[in-house]
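Sequences listed follow chains A and B, in order.
Take the first sequence: its letter number 221 is residue 221 in this note's numbering, and every next letter is one higher.
One rule links them: number in this note's numbering = place in the second sequence (from 1) + 1000.
Take these hints with a grain of salt, some might be off.
Now the in silico label distances, taken between C-beta atoms and shown as ranges [said to hold, decoys possible]:
1. R42/A <-> A1109/B: 15 to 25 angstroms
2. H1006/B <-> D19/A: 22 to 32 angstroms
3. D1176/B <-> A40/A: 41 to 51 angstroms
Quick look at which bits of chain B chain A covers, simulated, 3 or more residues with Cβ under 8 angstroms [said to hold, decoys possible]:
4. 1049-1057
5. 1098-1107
Hints in this document: simulated from the structure, not taken from any laboratory.
Glycine included, C-beta positions come from ideal geometry on N, C-alpha and C.
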Amino acid sequence: MSTDTTAPPAPAVPVRPADRAPTLARLTEVELRKLVDTRAGRWLLITIGAIAAVIVTVQLFVVADEQQTFTDFFTPSLLPVALLLPVVGILSITAEWSQRTALTTYALVPRRERVVVAKLAAVVLAALASVLVSLAVAAVGTLLAGATGATGSWQFEWSLLLHAAVLQVVNVLMGAAFGLLLLNTPLAVVSYLLLPTVWTILASMVTALRGPARWLDTSATMEPLFGPDVTAGQWGRMAVSWLVWVAVPVAAGLLRTLRREVS
Amino acid sequence: MIEVDHLTKRYGPHPAVEDVSFRCEPGTVTGFLGPNGAGKSTTMRMICGLTPPTAGSATVGGRPYRRLPNPGREVGVLLDASAQHAGRTGREVLAVAARTMGVDTRRVAATLDLVGLNPAAARRRVRAYSLGMRQRLGLAHALLGDPRVLILDEPANGLDPEGIFWMRGLLRDFADRGGTVLLSSHLLREVEAVADRLVVIGGGRVVAQGGRDELLAGAGTLVRARDPQALRLTLDRAGLDATAGTDGGFVVRAEAGAVGQAAADAGLVLTELRSADTGGLEQLFLTLTAGSSTKESVK
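Chain B extracted, bound-state conformation (with noise of 0.2 angstroms):
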């Protein structure tokens, strides 16, 4: 279980994360979604005691991540797939940590072996790893002391598309089995298949947060016309909240009927109507963190 407490954090006026809150249950993974720069590295870095809070703050299995005595058992961390040292051989990463948490170091090989890091490869020094190998071996580090809570920072980056399959699988596993996930991404669709709950964030405020079936059904209602610009006139003179999507569809926070009458009313030709499921969390996702990403580069 994770518990964020209103965390904020400011590098002089700047604000990085703004009133944070959310919780992540055993049983559930939890996609922290948002675009670069909007706050979710920070946030996780703060919930794992590496960043001091400006204020607010977080707990893990019902306490700050720094009063565990022994925090690789509790929770398994993967900020920075990248942060190793260049110089060590993979399994040697491992190891360090594994004496370091008072772990089997018979359990290196067998997790090495989990992650689909072959002997081979575990000889090989870092240095020489491709990212998508860093991610694997970031992931075993994570998971070595067998913990019940995992703290993942964009951990398919650089994976392979079956790459991504099989920690899509080992997530969804290690939820089912009680486990808590926190998992980030700056894409939806990396996320959307394996989540239970999202956080969306952007401009490091929580712009969005709910079920993953909750926040769909939000989404409205997906339509298309011959002539656009007819359909936003009368989408506007119905009075109905619509977002104009990149493909020249808009995504309206009404029931289809109440879009489909208007359209009939003002002799639309309709080409597509329907539920916006997945593409309109995308929309969701886009238009609520719209803006945001531009500000990254000041930061």
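If we strip away everything but chain A, and leave its shape as in the complex, we get (with noise of 0.2 angstroms):
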């Protein structure tokens, strides 16, 4: 019997196998752990929940007790993670700038574009996780009313938990947007709050806008939201607005993250 006793020839580069490219679930795992890792972003989450416990706490002490509903309570405490939950999601990319960390970000994962999805992923992650928050918030309070005498009724349309999810869902997404396209972060959080402000400031004044407005003005066009019921048309004025404040700015921002020097 023949032995073939020589050794196959070793690769001129030996291939190791860690030498692949990270999935996208584990750059997500990263950026998620990047939203946190920081006493600015803890704090930031910590805020933006401790502002939900208060509403409800408040609702406890002065809401009339027929009021005291878990819908009742759940849907307010929507309200501050919409508003403060985009800015997590404009730091989240901009910081990379203005910290410059962007300079080893991107020396390990070259691939701007897969660094770009998943930090939407991460945020995205963490919207859906705030719902389950406003959920939890809301569960309490209701215990604590039916505990005090209230109603504490637990009747709830759960077309409201899917409308909530989309909310805070495309809200930090279009915080991420207006933060991807100017890439500076006072720049970014600056605009992304005025921008309701500044829409309904132009419709009070132009005549010409309130048409364009109830398309455009995503506070206006995303209002259906906070209830169980939206029909059609408001869902298609929403996507209009969803595609003019979050899918064109990502886009552009995406190809500008891409194109950018970092330095």
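Two chains, two frames, some hints: make the complex.
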């Protein structure tokens, strides 16, 4: 029996198993970690939760007993999240540039679009988690209301849950889109927070803008999401506003991030 | 292995890097020398795919950086030690990088230890770090993925003499084990102690490159006379190419014998005549890059 004793030639460049590109799941996990591993990020999230808790507490004391239901607690708890979670989305994108960590992030992952997708996935997961927090806060409020002699009704339209999830996800994506387009923290935060006000002022002054505002002012188009019923026409107007304020800035911002010189 | 092939970067009409080519072989340390604003950092950023070049290309391990699937395992990069999130702890900075690269997180503690950041320092936020500590953290970040190539921009900045000595040992050892090192500096002394090869850049162009000893040998002869002006005239008359130093001496691109003969013929009293070694390289560095540092302020 002949035995081939010659070993196969070693590859010129040995491919180590670790030489594979990081998966999107792993990049998303890293981006989620980066949302909470700085004091600024952690406190922003804690503040959002705290404000939701404060709102429920205030309701327990001031609102009439028959209005202390699960739904009545749930809906207002969405507000602080809808306003502030997008700032988390903005920071997730812009902090890379303001803190100059882009230099190491994009050196480790040169395919920058993967980092951006992971960031968007991370803030969407954060938005979905926020809905769970809203549910929990509302549940605690309802229990306390029941214990203190109020209605404490658990009645809940499940469509509200879907609407809340859509609201938070789109809002946080819109924040991220502003961050991606402007790549500058103060600029993105200010323009994101001022945009609805600007619409209101403009629409009140310029009559010709009132028609377009019904389609483009996100605070108006997304208003129905706080209730259980949304008509097809309302969904349509929402979709148009998302296209303009989420899809377009994400696309333009992605292009900008891919081309930008990191230094 | 790093190969840089005719890299050029222009910002509008201003050329930051002009037609730069060099190679860094495994087992060697290449010193990338030049005054501030000469184009070192821009070249390194182009190698790492962070700055798109106007023309030319660069490869690391035979592939363009941006095509490397998991670059952190191939190339350790330290471009700016201050470019870290001030609110993260040193340990967290490395943990994030370890997760990104898929490196065992146990390596984080080992690497921190290697660069001399103790557990107390690792728990502190980067905001509280001195520049020297940031350099050590940056070096740890570069070494974390166990790469075969290191690209370090001014890694000795902010390190104390003991730290610089330690870093030289670390880089020498890395290269001796077959690694490739490219490190930049604007200080010749810092680089000549560790580099095998030198690439000198000034005004965006490579003005000299080669083995360190070869460049040292090519530096010529250092000569000093009691009467420097007479010496200058004599050297000019003899057709010897001389460059005046800051301290009254001249670096002459000729053999010591030729210089001594010219001085003897003119009856000059020499106070020093020797082969210009390190001092000569410094002269070379100064003359080669003269004028280019003033351009930086315009950029």
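We went through each hint and held it up to the structure:
no. : hint                                  : result
1   : R42/A <-> A1109/B: 15 to 25 angstroms : holds (23 angstroms)
2   : H1006/B <-> D19/A: 22 to 32 angstroms : holds (28 angstroms)
3   : D1176/B <-> A40/A: 41 to 51 angstroms : holds (43 angstroms)
4   : 1049-1057                             : holds (count 4)
5   : 1098-1107                             : holds (count 5)
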